[in-house]
Structures are given as structure tokens and as C-alpha cells.
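There are 2 protein chains.
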Amino acid sequence: MKPWEAYIRKVEPYVPGEQPKLQKMIKLNTNENPYPPAPEVFQTMKDINIEKAKMYPDPTCEDLVKAIAENFSVGANQVFVGVGSDDVLGMAFLTFFNSHKPILFPDITYSFYDVWAELYQIPYKQPMLDESFKICKEDYYIENGGVVIANPNAPTSIYEDLDFIKDILEHNQDVIVIVDEAYIDFGGESAVKLIKEYDNLLVVQTYSKSRSMAGMRIGYAIGHPDLIKAMNNVKYSYNSYTMSQVAIETGVAAINAKDYFEETKEKIISTRERVKSSLRQLGFEFPDSRTNFLFVRHNLVSAKELYDALREENIFVRYFNKPRLDNYLRITIGTDEEMDTLILFLKNYLSR
Amino acid sequence: MKPWEAYIRKVEPYVPGEQPKLQKMIKLNTNENPYPPAPEVFQTMKDINIEKAKMYPDPTCEDLVKAIAENFSVGANQVFVGVGSDDVLGMAFLTFFNSHKPILFPDITYSFYDVWAELYQIPYKQPMLDESFKICKEDYYIENGGVVIANPNAPTSIYEDLDFIKDILEHNQDVIVIVDEAYIDFGGESAVKLIKEYDNLLVVQTYSKSRSMAGMRIGYAIGHPDLIKAMNNVKYSYNSYTMSQVAIETGVAAINAKDYFEETKEKIISTRERVKSSLRQLGFEFPDSRTNFLFVRHNLVSAKELYDALREENIFVRYFNKPRLDNYLRITIGTDEEMDTLILFLKNYLSR
Chain A
-2 MKPWEAYIRK VEPYVPGEQP KLQKMIKLNT NENPYPPAPE VFQTMKDINI
48 EKAKMYPDPT CEDLVKAIAE NFSVGANQVF VGVGSDDVLG MAFLTFFNSH
98 KPILFPDITY SFYDVWAELY QIPYKQPMLD ESFKICKEDY YIENGGVVIA
148 NPNAPTSIYE DLDFIKDILE HNQDVIVIVD EAYIDFGGES AVKLIKEYDN
198 LLVVQTYSKS RSMAGMRIGY AIGHPDLIKA MNNVKYSYNS YTMSQVAIET
248 GVAAINAKDY FEETKEKIIS TRERVKSSLR QLGFEFPDSR TNFLFVRHNL
298 VSAKELYDAL REENIFVRYF NKPRLDNYLR ITIGTDEEMD TLILFLKNYL
348 SR
Chain B
-2 MKPWEAYIRK VEPYVPGEQP KLQKMIKLNT NENPYPPAPE VFQTMKDINI
48 EKAKMYPDPT CEDLVKAIAE NFSVGANQVF VGVGSDDVLG MAFLTFFNSH
98 KPILFPDITY SFYDVWAELY QIPYKQPMLD ESFKICKEDY YIENGGVVIA
148 NPNAPTSIYE DLDFIKDILE HNQDVIVIVD EAYIDFGGES AVKLIKEYDN
198 LLVVQTYSKS RSMAGMRIGY AIGHPDLIKA MNNVKYSYNS YTMSQVAIET
248 GVAAINAKDY FEETKEKIIS TRERVKSSLR QLGFEFPDSR TNFLFVRHNL
298 VSAKELYDAL REENIFVRYF NKPRLDNYLR ITIGTDEEMD TLILFLKNYL
348 SR
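Chains as they are written, first to last, in my numbering: chain A, -2 to 349; chain B, -2 to 349.
In short, the hints are calculated from the structure, not lab data. Don't take each hint at face value.
You can't tell identical chains apart in this list, so a pair holds if it fits in one copy or across any two.
As the list claims (entries may be wrong) - Calculated cross-link-like contacts (lysine-lysine; reagent style DSS-like; alpha-carbon spacing at most 25 Å): (1) Lys344 with Lys21; (2) Lys226 with Lys98; (3) Lys7 with Lys226; (4) Lys226 with Lys49; (5) Lys255 with Lys49; (6) Lys255 with Lys134; (7) Lys7 with Lys163; (8) Lys226 with Lys21; (9) Lys18 with Lys190; (10) Lys(-1) with Lys264.
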């Protein structure tokens, strides 16, 4: 072994969610939106003056921050933007969780929370979801260094209403509470409306799901101006320029395309509800999703078997080889046509 | 004070280099390239199918990695890409500097090295540059946890040849040596040719200077496959998708535009040499720059006075209010026309 090999950071070997490059496939494995970005985004791409790329982008991302602020009727000093919500969440962990008390998030939730906690040496505890995969809010009433709740939660797909979030906030006035709303647009009510009341609440959202722009990497946080200022101070102090000119310009176009956003969101919700009833008829069980995916198990056939069978057909869904999750599949809601193909295959497969 | 305010991360308040939005200005303050991206980049922007942005980008950035590898005649497993060289350098610090021994870099150098060291709790020492702002290579022969050398160094503009880099490598076989070559294309010889010989060498470059694409945020590292694998493992483990689809596609176009790259680089070098002699005639002193900027002081007038006078004219240069640097200006090499305006103004100002 080379001497320097001893000093390489030890990490869990992690393989990012498969992005197969097949021509013909149905990709329901990474919760992407089946619909393209808004027509306004296509137009903006045409209009972008890429000559400007010779200069650094605006480090304050002023245009994008303003557009997001207007969309949510908050001040521009209440919005932070980053390279996807992963970047935004990581920055929030780094900025706010320095108390040396453990932060709290569920044992089953978005898989990067514990990674960032480890990365920034933040102690953490993970209260268990109950039998039906629900968050027990009382678990978050103990002393802690901060709280992170994904709402709806992933991969469970379960949404809790704003009274639930309020209860957690009421019991956690001394720390920052992050509500990660990656999937909120598919039927939930956003906690953004609570930020006036709770200056310790940070709501994080993303362009990767409901806004059809996973490929552009845009996420944002909304909160009290003091929180946003603290995050920007940390960001500027160690990496000033992260959002490209193109991300800023197309990000503005996408957030302003309100009609298209409503329309595609409603289409996904309506497809989801239809798929729910078809899958129920086929013997699947699942929590009542308010996201763009379903978290399903079958009462007779194992998840692994179904996963493999679907893969054979170039239908990609997500399988988690983890305790408590290993008999579930996470299936993204695609177009009606894609879901019909999936359901037809499952119907045939299960009636062999 | 709110209780949670005590747990906000303390950082040096940092204001990113000014990006003024004036219509009429000469911007020589952030070492950007005065020439637009290659015509091939414009064409690629036109051709991009932004519909694909509904999906996550390729986390391995395969197309971009391959194009960079081909350009440098190395294997695709020897290239790591990131969101600007800041992202790449930060990732390298996190990946390689875990020995708890101090890493070494000069007291005057790129201003983010100490920031990342602090961020990741890496101890560090900063040997002083000598009187003429040169790195003393013997300072790097002591036991350490890693070495970081910017070559050419910034803001001094001084280049050291490959024998100098080799000496540092010979004395540091047990740790990773990072050579940050942000400015290498403006007249230096890249250490990329040493990576065959030294498996502990990581060379970092950027699209922000010689490739006219600061606005797109692309940087890369070249090194032994083991180093690249380690960096990718760390990257995937906590933020898988950072490079947007557009950055990947335009990045390929830019690195393949070899003729344009040579042509614009030579133009900048020739402008620089002409500006050197004009400034010398006006009483300026400076190290012999091999970068796209000059690090100058005047023998009679203070840097601060000149900085303010230039600003009045909407000519932006960089002034560092720091010990040892506070009588210097860092002046980016712009177009011939921009530099003529600068020189004419200085000539008139100094002959008042």
C-alpha cells in the first residue's frame, strides 16, 4: 500500500441511481418528471447569450432569487439557491447544526441526511418510523441540535399536514427545523406559509421533480432573512460561484411558467390516483402517496423478484436492499402510457 | 439573541469579487477571458435538447470525462470533473488530507486553500513566499499531510518550471501533491506530463480562464486512476449529481475546439507582453507574469489611489487590502482595445 492511501477519506461505496442509456426503456427509478421542462424554458435556451459565459455568473443569483421570491410572495432576502436541493440541504447542515447536540431525523428518510451529518461531524439520532412507516412526532420533542423532516417523506411517500409540522416547530423553538419538501407539489400543503410565524423554519424545495428540471440542478431554501443571510455567508466564504449562467436563466423561466407547472402537476396526480387503483386490484399494498411515486409491496410476490422481472422488460424501478425496505419497490409515476405498460406487464406476470 | 443563533457557523464575512452590471465598463478584476466561448460552444447551445433536462444528468459525466481525457492523452479513469475548479479542489482536500498532519501551501496564494482546510478541519502551515514573492521549494521538504502549489501562483503571477515541481514531488512521495494550474495555459508547461511518473500527483485545471467559460462552472483534475477513483467515491457518497446536462455538453464542445483555444490564448499572451512593456515605461514594477493578469505596483503612486482612480472611470481591477499585498493591483489582461484604454488613462493620470 502506498503511504498516502492510508489518508484517503473512508466512505461507503455508493452507486448513484442507475441512469441507463437505452433508447427504449421506461424509467421509473429516480422520481423524475415524465414531462419536459416548460415551453418557456425551451425559449429561454434559444435566447441565452452564451457569450456571457466568458464571465463569472452572478454569485448572488439575483434574478433567480427574485423570481422564486415572487412566486412564493416572500422577500428576495428570504430565498437561498443552490446546485440542486442536495447542495442546499448540505449547506444548511453546515450552517446551522453546530451545537454538538444530536440532530434528529427519521431512520427511514432521504438517504443523504446521515451522510452530510457524518461529513460535517454533526452527531445525529434517527427515531424509528412506526409500523405503518409514519413519523412519530413525539420523538422530536426531546432536546436536540436541530430537526430535519422530509414532507412528504421518502421513500415512504407519506405526507403529514401542517398541524403536524407546527407541532414539531412548537416543540423545537431553540433549533433550526428543516422541512425538505422535494415532493410537496404533488398534493401537499407547503410549510412556506409558516415561515412568518417561525423564524427557525427553513423550507427546502427542488426543480428536479415538479418542475421537470433534474438535469439543470436547481434547488432553493425559503426562510427568515437571518437564516438566508447565514447560509449565504457560509456559501460565499468557501465557494462563491456555483450556479451557472444557464441554470440561473432557465431557472427563472421555469418558475414563471405557472400554468404549465399546474397542468403537468395535475396530470401526474391524476395518473397516480389511477395507478393506485389498478395496483390495488393486482394485490399491491402501499401507503397513500402524495408524491410522484408509490412505495409498494405485493402480498404474494417478493419485491426483488418483481424488480428483476421488470428490469428484464427494460422497466426500471427502485429496489432498496435494506432492512424494513427490502420487500418494497419505489415506482415513479410516469406518463399514462408508461404506467399502462407497467400495469399490463404486472397483470400478466402475476397471473402466470 | 435567538437560541439557535449561537449554533450558526462562524465564517469570515466574504464579499465575492465585484460583478458590476454596468453597460459600459472595462472589467479586469476577476481574470476572466475577454474572448467569448468557442464557436463550437455556441453551436452546441443551439443543438442541446433541453427536453432531456427532465432527467438527472449522467452522474459519471462520461462524455465530458472522455473528451478531457482525449485532449490530454490520458485514460478516462484519470479524469475527475466538478463545478469549477473550486469544487474539484475542495473535493480533493476532503478526499486526500486526512492524516492529521499539517498540509502545506504558501502564505500568499489562492485564497480558498485555507478556507477549505478550516472547513474540513485539516491542519495547515503556510510557508512564506520570499521577498520577490517566489515559493521556496525547500519549505516543502518537511514532514506534512499534503502539499498544494498553484503554478503559476496567484495573485503573484509567477510560474515555476517542471523541475521545480519535480523537486517538490521527489521530496513528497508519501502524500498527495496538488498542482493547481488555473493559469497554466498562458505560457507554462503543465505537470500533467508528470502524472505517469508520480502516482501521488493531482493536477487541477479550469474552464474559467483559458477556455472562456467561467459562467458555466467546469473544472477538472487529472491524476492516477486510484486518485480519481477515491475522489469519485467521496463525491458520489454525498452529492451525486452536480454537473448539469448543459455544462457537460458545452464542456465537451469547448475542449474539442482546439484551434480556437490556441488562437485566443496566443492573443492574450501577445497582448500581455505588449502591456508589460507599456506599464514598465509608466513606472510600474511587476513579476514576469505567465498568466492572464499582471501583479503590479507603481514606484510613486499607491495601489489604492490608482484603484480608486480607475474605478471612477469604470475600469475595474483587483485590490487586496492585505499585508504585503496592499500596494499591488492585480490587472487582468483584456482585449487590446481594453488594455489601450487602461494604459492611456494611466499615462494621463500619472503625468498630471
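Comparing the hints with the structure gives:
For the homomeric pair Lys344 and Lys21, the shortest alpha-carbon distance inside one copy (21 Å) is at most 25 Å, but the shortest distance between copies (66 Å) is not. Taking identical chains as interchangeable, the C-alpha atoms of Lys226 and Lys98 lie at most 25 Å apart only when both belong to the same chain, with a minimum of 23 Å there against 34 Å between chains. Taking the shortest Cα distances, Lys7 and Lys226 sit within 25 Å of each other only across copies (12 Å), while inside one copy they are farther apart (33 Å). Neither within a single protomer nor between protomers do Lys226 and Lys49 lie at most 25 Å apart by alpha-carbon distance, with minima of 27 Å and 34 Å respectively.
In this homomeric assembly, Lys255 and Lys49 come within 25 Å of each other (Cα to Cα) only across copies, at 20 Å, whereas the closest approach inside a single copy is 27 Å. In the homo-oligomer, the alpha carbons of Lys255 and Lys134 never lie at most 25 Å apart, since the shortest distance is 34 Å inside one protomer and 59 Å across protomers. For the identical chains of this complex, Lys7 and Lys163 are neighbours neither inside a copy (38 Å) nor across copies (29 Å), given an alpha-carbon limit of 25 Å. Neither within a single protomer nor between protomers do Lys226 and Lys21 lie at most 25 Å apart by alpha-carbon distance, with minima of 46 Å and 31 Å respectively.
Taking identical chains as interchangeable, the C-alpha atoms of Lys18 and Lys190 are never at most 25 Å apart, the minima being 41 Å within one chain and 34 Å between chains. Proximity of Lys(-1) to Lys264 under the C-alpha cut-off of 25 Å is found in neither arrangement, the shortest distances being 56 Å within a copy and 43 Å between copies.
Going down the numbered hints, you'll see the structure goes against 4, 6, 7, 8, 9, 10, while the others check out.
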